[in-house]
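Colleague: These protein sequence lines map, in sequence, to chains A and B.
Numbered according to the working numbering, the first sequence spans residues 1 to 217.
Numbered according to the working numbering, the second sequence spans residues 218 to 732.
Everything labelled a hint here was simulated from the structure, so no lab data went into it.
Incorrect hints may have been included.
[Stated by the list, open to error] Computed Cβ-Cβ distance ranges for the label pairs, DEER-style:
no. : chain 1 : residue 1 : chain 2 : residue 2 : range
1   : A       : Glu180    : B       : Thr715    : 45 to 53 angstroms
2   : A       : Thr150    : B       : Arg545    : 19 to 27 angstroms
3   : B       : Ala473    : A       : Thr118    : 34 to 42 angstroms
4   : B       : Met504    : A       : Val99     : 49 to 57 angstroms
5   : B       : Leu722    : A       : Glu180    : 51 to 59 angstroms
6   : A       : Lys71     : B       : Ser674    : 24 to 32 angstroms
7   : B       : Gly491    : A       : Asp91     : 27 to 35 angstroms
8   : B       : Gly647    : A       : Arg67     : 52 to 60 angstroms
9   : A       : Asp81     : B       : Leu722    : 29 to 37 angstroms
10  : A       : Asp91     : B       : Ala473    : 17 to 25 angstroms
11  : A       : Asp91     : B       : Ile453    : 55 to 63 angstroms
No residue lacks a Cβ here, since even glycine has one placed at the ideal position from N, Cα and C.
In case you want the letters, here they are:
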Amino acid sequence: MRLLIIEDEPDLLKILARSMREEGFAVDMADNGPDGLHKAKTCNYDTIILDWMLPGMSGIDLLEELRREKKTPVLLLTARDTIRDRVTGLDRGADDYLVKPFNTSELLARIRALIRRTTQHATNQIELENLLIDLGTKRVWVDKEEIPMTAREFAILELLALNRGQLVSRTMIYEHIFDENDDSLSNIVDVHVSHIRKKLGQDRIETRRGLGYIFHA
Amino acid sequence: MILLLVILGFGSLLRWQMHRLQWEHVETELLACARILEGSLRGVSKALIESLSQDLGFPPGPLKPPPRPADGKRRPPPRPPMDQTPKLHVPPDNSQSRKPNETSIDWQNIQEPDLDAQTEEKWESSLRLPKSFPTPGGRTEEAAYFVIWREDTTILSESSNAPQVKPNRIEVNDIRFLRERYVIQQRNQYREVFVRGPRDTMICVGRDVIEEERRAQRRDLVLFLSGGGVFLLGLIGSWWLSRSATKPIELMATTAAAIGPRTLQKRMDLSHVGTELAQLGTVLNSMLERLDVSFRQQQQFTADASHELRTPLTVMLTATELALSRERSPDEYRENLEVCQRSAIRMRQLVESLLFLARLDSQPESIEKQSCELKKIVNETVLQLQILAEKRNVSLTTDLESATILGDALQLARLVTNLVQNAIDYNRPGGSVRIELKHSENRIELRVIDTGIGIASSDVPKLFDRFYRVDQARSRQIGGTGLGLAICRSIVEAHHGTIDVESTLGEGTTFVVRF
Chain A
1 MRLLIIEDEP DLLKILARSM REEGFAVDMA DNGPDGLHKA KTCNYDTIIL DWMLPGMSGI
61 DLLEELRREK KTPVLLLTAR DTIRDRVTGL DRGADDYLVK PFNTSELLAR IRALIRRTTQ
121 HATNQIELEN LLIDLGTKRV WVDKEEIPMT AREFAILELL ALNRGQLVSR TMIYEHIFDE
181 NDDSLSNIVD VHVSHIRKKL GQDRIETRRG LGYIFHA
Chain B
218 MILLLVILGF GSLLRWQMHR LQWEHVETEL LACARILEGS LRGVSKALIE SLSQDLGFPP
278 GPLKPPPRPA DGKRRPPPRP PMDQTPKLHV PPDNSQSRKP NETSIDWQNI QEPDLDAQTE
338 EKWESSLRLP KSFPTPGGRT EEAAYFVIWR EDTTILSESS NAPQVKPNRI EVNDIRFLRE
398 RYVIQQRNQY REVFVRGPRD TMICVGRDVI EEERRAQRRD LVLFLSGGGV FLLGLIGSWW
458 LSRSATKPIE LMATTAAAIG PRTLQKRMDL SHVGTELAQL GTVLNSMLER LDVSFRQQQQ
518 FTADASHELR TPLTVMLTAT ELALSRERSP DEYRENLEVC QRSAIRMRQL VESLLFLARL
578 DSQPESIEKQ SCELKKIVNE TVLQLQILAE KRNVSLTTDL ESATILGDAL QLARLVTNLV
638 QNAIDYNRPG GSVRIELKHS ENRIELRVID TGIGIASSDV PKLFDRFYRV DQARSRQIGG
698 TGLGLAICRS IVEAHHGTID VESTLGEGTT FVVRF
């Protein structure tokens with residue numbers, strides 16, 4: 001899953017990005033409004049973490065501008081804590097609102113909830129016959145036996161499982177799994193998918209040549 | 218209560234005055250009658266008076282003296298109706314205006330020693346009273362009665378309609394009687410006047426005044442009822458008046474009571490209020506406006522301060538959470554600690570600035586005032602900031618005259634530092650900052666002139682507001698708290714000076730402080 005963090009405080013931006021990456025997210029960063037809006041418009045992020053007070057363009061204006069084109073889930077992360085601020089933020093297009101200072105685990109839970117809502121899942125667990133995937137703890141079981149997975153493998157499996165039955169293109173996988181600074185080779189997705197197939201069984205993921213992958217439920 | 222007292226007082230006065238007039242009228246009539254009788258008696262000799270008593274017995278009746286009762290007491294004759302008064306009594310046109318000497322007494326017969334029955338009748342016929350008294354209402358009252366005593370208090374004569382209750386004879390010898398020449402007394406329903414007559418006689422003229430008493434009672438009732446009515450009307454009127462006067466005040470009080478910290482934007486409705494109250498209301502409304510503005514500024518300041526404090530706090534919490542979430546390499550720990558330190562330093566700056574402002578706000582007059590050489594302060598500041606200026610490739614020049622002011626040296630140094638540091642921070646590489654200190658029109662003028670990015674005219678009015686930043690990104694990069702110029706203004710105001718800014722976007726800014 002790929003996130004965009006728009007925050008003008010450089011230390012906070014850096015620390016947040018690091019935290020999210022450690023949780024398996026691909027993270028893009030922007031430290032001002034116009035840059036953030038540009039990135040939000042050009043890339044399909046799973047969630048955007050947005051500060052309210054930004055140089056160049058306020059977070060609220062950015063949100064309004066973005067909502068004309070995209071429905072990307074947006075979490076407003078701000079020090080403005082009055083009820084009026086929260087109402088304004090949510091009414092003007094934010095999907096969630098979190099006040100600084102925050103707890104990182106709460107922020108992560110909210111991001112997961114936003115992603116679940118977008119992919120129309122009620123819980124963090126995806127259960128498909130003998131396969132169980134826990135999106136919260138990022139663990140996978142086959143026949144109740146836990147299968148070890150790398151963060152990148154889990155991210156691809158998570159994306160495929162959330163969009164099961166649908167064709168997921170390589171571009172889409174690139175967009176959601178790798179951030180702007182990632183310069184992995186273009187066949188890296190195939191390598192990771194091949195590893196996943198070995199761990200879960202060959203039939204789960206079907207390859208459509210030249211198009212992408214389909215995860216069968 | 219006051220209204221009640223006024224009505225009672227006025228009513229009592231009116232009642233007393235009316236009673237006085239009424240009784241004065243009656244008494245004047247009675248006295249006039251007494252004088253008529255006195256005049257009639259004046260021409261009668263003492264001998265005749267004494268002989269009359271011998272011949273006529275006691276008391277002499279006007280026509281047919283009634284038989285005396287067995288116990289010796291005289292039964293009074295029944296009160297005859299008006300038309301049954303003695304026939305020999307022919308009333309004149311207006312008996313009140315009659316003078317005593319005009320009474321028609323047959324003086325020749327009286328002077329004659331021949332005291333036959335005809336003489337007695339003639340004499341008695343001269344002792345008469347007017348038949349009726351005209352009253353103010355035009356009605357005629359029953360005629361008065363009279364009784365005449367001799368010196369030995371035996372009755373010389375009395376009218377046929379004299380009542381059963383006899384006048385108190387002792388009273389006629391009362392000292393007042395002698396002094397005032399007449400005495401008035403009320404006996405049951407009779408009003409009587411006692412007069413000392415000629416030849417040591419006593420004359421009493423009385424009249425039944427029950428009708429007057431009834432009238433007085435009716436008048437009292439009317440007075441009482443109209444007084445009550447006036448009191449009731451007064452009560453209703455004063456209630457209405459006080460209500461119409463106090464209603465706007467009540468409304469204003471209700472509005473004022475409903476105004477709290479969250480409803481300071483409420484104002485009093487002055488559309489239905491009188492001029493004087495509207496003036497008061499306008500003053501109160503303008504006071505509320507000032508309070509509202511001040512309160513909103515305070516709220517904004519608190520919100521801004523909490524926002525500014527939260528940002529470094531969030532960084533510290535997130536960095537420590539990240540560092541502690543798993544085992545880290547020493548370099549990772551170091552990096553996180555450095556982030557925490559930067560945030561802590563920023564928080565310290567912010568807290569110090571806030572405390573400084575809070576102190577100036579709470580006690581603006583409490584600054585230490587001593588003679589400060591401003592030139593020396595500026596020179597020291599320039600020396601301290603020289604390194605920063607060189608780092609930013611900005612040249613610092615000064616043109617300073619000696620100037621001494623009364624003030625707090627530390628605060629003045631902070632003022633100069635803030636202004637010069639801003640001039641360096643918001644300058645372009647290769648730019649310059651010039652500091653001038655001059656005397657101008659009895660004032661000391663400090664100018665800090667830079668060749669920096671300048672300030673848009675739309676930003677100038679808010680420039681000295683707390684936490685106002687023209688360029689937030691640049692301010693963050695520089696590490697500003699957003700309070701520097703607000704502190705400058707507070708210091709200048711505490712020193713009774715002014716601070717102004719002149720700026721052209723892209724060319725530079727000049728801050729002018731005048732003491």
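Colleague: Confirm or reject each hint.
Modeller: Taking the hints in turn, this is what the structure says about them:
1. Taken as a hint, the range 45 to 53 angstroms holds for the pair A:Glu180 and B:Thr715, whose Cβ atoms sit roughly 51 angstroms apart.
2. The hinted window of 19 to 27 angstroms between A:Thr150 and B:Arg545 holds, with their beta carbons roughly 20 angstroms apart.
3. At about 53 angstroms, the CB distance of B:Ala473 to A:Thr118 disagrees with the hint of 34 to 42 angstroms.
4. At roughly 35 angstroms, the beta carbons of B:Met504 and A:Val99 sit outside the given window of 49 to 57 angstroms.
5. Range check, B:Leu722 to A:Glu180: about 35 angstroms between beta-carbon atoms, so the 51 to 59 angstroms window is missed.
6. The hinted range of 24 to 32 angstroms is not satisfied by A:Lys71 and B:Ser674, whose Cβ atoms lie roughly 41 angstroms apart.
7. Checking the proposed 27 to 35 angstroms range against B:Gly491 and A:Asp91 shows it is violated: the Cβ atoms sit about 45 angstroms from each other.
8. Against the hinted window of 52 to 60 angstroms, the Cβ-Cβ separation of B:Gly647 and A:Arg67 comes to about 44 angstroms, which falls outside the hint.
9. The given range of 29 to 37 angstroms is respected by A:Asp81 and B:Leu722, whose C-beta atoms sit roughly 35 angstroms from each other.
10. For the pair A:Asp91 and B:Ala473, the beta carbons lie near 34 angstroms from each other, so the given range of 17 to 25 angstroms is not met.
11. Look at A:Asp91 against B:Ile453: about 57 angstroms separates their beta carbons, and that is inside 55 to 63 angstroms.
Hint compliance for this structure: hints 3, 4, 5, 6, 7, 8 and 10 are not met, and every other hint is.
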